[in-house]
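Q: Residue strings, one per chain:
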Amino acid sequence: MALLETRGLTAFYGDFQALFGVDLTLAEGETVAVIGANGAGKTTLMRSIAGVIRQALGMVRFDGREIGAMAPDEIMALGIAMVPEGRKLFPSLSVEENLLMGAHRRKVAGPWRLETVYDLFPILKERRGQPGTALSGGQQQMVSIGRALMSNPRVLLCDEISLGLAPVVIRDIYAAFPRIRETGASIVVVEQDIGQALKVADRVHCMMEGRVTLSGRPEELSREAIHDAYFGAAA
Amino acid sequence: MIWVDTVLQGVLLGGLYALFALGLSLVFGIMRLVNLAHGDLIVFAAYLILMLVTLLGLGPFVAALIALPIMFGLGWALQRVVLNRVLGTDILPPLLVTFGLSVVLQNALLEGFSADSRRIPAGWLETASLPVGPISLGVMPLLTFLSAIGVTLALQFIFYRTSLGRAFRATSDDPVTASLMGVKPASVFAQATGIAMVVVTIAALYLGTRANFDPTTGPARLIYAFEAVIIGGLGSLWGTLAGGVIIGVAQTVGAQINPEWQILAGHVAFLAVLLVRPRGLFPRAFD
Ligand SMILES: Nc1ncnc2c1ncn2[C@@H]1O[C@H](COP(=O)(O)OP(=O)(O)O)[C@@H](O)[C@H]1O
Ligand SMILES: [Mg+2]
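First to last, the protein sequences are chains F and L.
The first sequence: position 25 = 24 (numbering that gives the first Met the number 0), numbered continuously.
The second sequence: position 174 = 173 (numbering that gives the first Met the number 0), numbered continuously.
These are computed hints drawn from the structure, not numbers from a lab.
In this text, all values refer to a predicted model and were calculated from it rather than measured experimentally.
We put the beta carbon where it would ideally sit given N, CA and C, even for glycine.
Fair warning: there could be bad hints in the mix.
[As the list claims (entries may be wrong)] Chain L residues, not near chain F, derived (Cβ > 12 Å throughout):
#1 Val33
#2 Ser101
#3 Leu163
#4 Arg168
#5 Leu179
#6 Val182
#7 Ala254
[Unchecked claim] FRET-style restraints, in silico, Cβ to Cβ:
#8 Val175/L / Arg64/F: 20 to 26 Å
#9 Arg79/L / Gly128/F: 31 to 37 Å
#10 Glu73/F / Ile69/L: 40 to 46 Å
#11 Glu125/F / Ile256/L: 55 to 61 Å
#12 Gly87/L / Gly38/F: 25 to 31 Å
#13 Gly149/L / Ala174/F: 46 to 52 Å
#14 Ser135/F / Leu124/L: 54 to 60 Å
#15 Gly128/F / Pro258/L: 48 to 54 Å
#16 Leu91/L / Ala165/F: 53 to 59 Å
Chain F with its partners taken away, still in its complex shape (with noise of 0.2 Å):
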């Protein structure tokens, strides 16, 4: 049975319809990509599993529980943590009290500890007094993975964690992710950077317009179904 799973799930802002129908599953210990251009509803959709956009009854499932109408602190405590898009550090707060944000409601033991996150992330120890504001996009996109750790999410969901970062910084975060999944958590990935999607994910599913219009393994699809599933067939 899947662990988190969206069925026929459609969202709104007012009178525009951003989410037609989207069926999603995440397994345990899976990680799944969303992949899809500007505009196709990924954030819409992560924002619809952490409760930010609230949902009617029975669109949303996570652990056989109904979780769509939730509020996001209930859905946060269920243990589904968010790495928002724009990463969404708190200014006022240093580094370490971010990532004590993190665990300000759920306090679970598990993996992730203040310690385990700056073996994760070390330069993060260095910078802890700072606020998180001052450190450099790479370092921030750090401080908000580790503050989702701490935790210790059943699932992580990942939104553009790639966004405005160069490709070496990219490849140092994603490093990271091994060791994530080694602890069990099931993670959702939201990216524009298929490359590194198709890298990480057991399954991948491509939105365009508010729709999924592409899943699979990523060994299966072909560079041609992905690009339609991206643009649009005729682009």
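Given the coordinates of chain F, assemble chain L with the ligands onto it according to the supplied hints.
A: What follows is chain L with the ligands alone, placed relative to chain F:
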């Protein structure tokens, strides 16, 4: 010597203004809410203490101690039931609601206690004073000032050394991301207003024992509080304390020159600081 005395009295008076202002500063810093009923809530708390003193025969300090949790609860409920509903990107609804609350409070107090001015009896403390060299400082003004420093230290500790304070700052930065960390902004805000009402109660104790008050005293206290918060820089607690002291000193110095200038001198000092530093003395880096 007279000027040293004048300035010292002004500093101590500034402690009272800081106490008026610290609750306002706290709430504004966390939720960008300007509570126009803040002064009336201080007067309300003063009547609450007065009632505990007269009905139960308690001393003013014991009465204030009992009033503290009551006011915390009222503040918590006010935020939960009323203010959380009107907080949003539009700053007008909370202004209107707290203005309405101010009018309601004043009228309710007028109904309940009449327009007569009252005072919380503090016995021998009212006139007690400590000689400091050639100058004599009133014990109540000294206690007021020490309380203002104590409250600032306590708030500073909560803000920067506790997980509640971390949640305050995170929610103030970005409530949506804070909720992704498991923070419930509605509950954080309610706790903040509860704490602000604790400060309001301490302010009420000194307001009520040092001077007469009546149901319409609130708005004038609100003005001093506003000026102190703005002089200090929005969201800075030590700045608020400094702002209170500046107004206090300006008032006593003004009064020393000409007794009619007391109130005016405070407002002039406020304007002068704003002219030189439009964002206040200690503005926050992030807004
Ligand atoms: N807050 C919002 N209000 C209105 N429309 C929005 C809002 N956020 C996103 N949208 C629209 O919803 C669609 C999907 O956006 P989004 O989920 O952010 O896409 P992606 O993350 O794939 O780039 C886009 O057309 C975008 O313009
Ligand atoms: Mg996006």
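Q: All the hints need checking, so say for each whether the structure fits it.
A: How the hints compare with the structure:
| no. | hint | result |
| --- | --- | --- |
| 1 | Val33 | holds (20 Å) |
| 2 | Ser101 | holds (30 Å) |
| 3 | Leu163 | violated (10 Å) |
| 4 | Arg168 | violated (4 Å) |
| 5 | Leu179 | violated (5 Å) |
| 6 | Val182 | violated (6 Å) |
| 7 | Ala254 | holds (39 Å) |
| 8 | Val175/L / Arg64/F: 20 to 26 Å | holds (23 Å) |
| 9 | Arg79/L / Gly128/F: 31 to 37 Å | holds (35 Å) |
| 10 | Glu73/F / Ile69/L: 40 to 46 Å | violated (31 Å) |
| 11 | Glu125/F / Ile256/L: 55 to 61 Å | holds (56 Å) |
| 12 | Gly87/L / Gly38/F: 25 to 31 Å | holds (26 Å) |
| 13 | Gly149/L / Ala174/F: 46 to 52 Å | holds (50 Å) |
| 14 | Ser135/F / Leu124/L: 54 to 60 Å | holds (58 Å) |
| 15 | Gly128/F / Pro258/L: 48 to 54 Å | holds (52 Å) |
| 16 | Leu91/L / Ala165/F: 53 to 59 Å | violated (44 Å) |
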